[in-house]
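K.L.:
Listed below, chain by chain, are the residues.
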Amino acid sequence: MKVLYFAWLKTKTGVGEEELSPPAGVATVAQLLDWLEARSPGHGEALADRHAIRIAVNQEYARPGDPVKAGDEIALFPPVTGG
Amino acid sequence: MIRVQREDFDLGAEVKALTARNPRIGGLCSFVGLVRDMHGDDSVRAMTLEHYPGMTEKMLQRIDDEAHWRWPLEASLVIHRHGRLDPGDQIVLVATASPHRQAAFEACQFLIDWLKTQAPFWKKEETPEGERWVEARESDDAAAERWAGTGKAAG
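Just so you know, the protein sequences line up as chains A and B, in that order. Each residue of the first sequence is one higher than the one before, counting from 1 in the numbering used here. Each residue of the second sequence is one higher than the one before, counting from 1 in the numbering used here.
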């Protein structure tokens, strides 16, 4: 799956985009965030406050219990501030 | 109609094109958002707007479709810029046209309120103390929440 990071999540993780293959136990958004958090100290810092993060799966807003699978495009970003 | 672009836009030319050859339009409402040089007590030298290509267009199109479903609009346009902008620069344009003014006014406010909480854009400000990401405002959520009902509005 492809994981995208925007705004300060990109700054803290140090990556804008990564192609990942999580283990079989990662089946929901919440499980994916737990797994991502352990990837690096930067990921750990970026994902520390889950309330500060919005998630999109295949460009649709998603919730912690929503499913994720191989081939999905997952995006992590802060609450939006356009307009 | 929606557009996401780096380039500036011309309000006059855009609304003229939007209303051209449609004599059913009796009212046109437009909103333009600009870059301020202050945020609270801090001065802002410039701003960079990041976005999520693909999802941005998808969300804007959905918001635009929703406005057309709720109000009897003859035409609408949302333009949102990205990239680096200076104080005074235009950021966003929303224009709505309908036979009567009420639908145009309401749909215009709905579109800007909703895009501020739904469309994946993020502002980074350059201040004398350095760069910082703008935090979302609860008042923007409250503004969008006003439109949370799903029923059709009065035309």
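These aren't lab readings, by the way, just hints derived from the structure by calculation. Treat the hints with care, since some could be wrong.
To be verified - Below 30 Å or equal to it, Euclidean Cα-Cα: the simulated DSS-like pairs (lysine-lysine) are:
| # | chain 1 | residue 1 | chain 2 | residue 2 |
| --- | --- | --- | --- | --- |
| 1 | A | Lys2 | B | Lys58 |
| 2 | B | Lys58 | A | Lys69 |
| 3 | B | Lys16 | B | Lys152 |
K.L.:
Each hint needs a verdict: does it hold in this structure or not?
P.N.:
Now for the hints, and whether the structure bears them out:
| no. | hint | result |
| --- | --- | --- |
| 1 | A:Lys2 - B:Lys58 | holds (19 Å) |
| 2 | B:Lys58 - A:Lys69 | holds (21 Å) |
| 3 | B:Lys16 - B:Lys152 | holds (28 Å) |
In summary, this structure violates none of the numbered hints.
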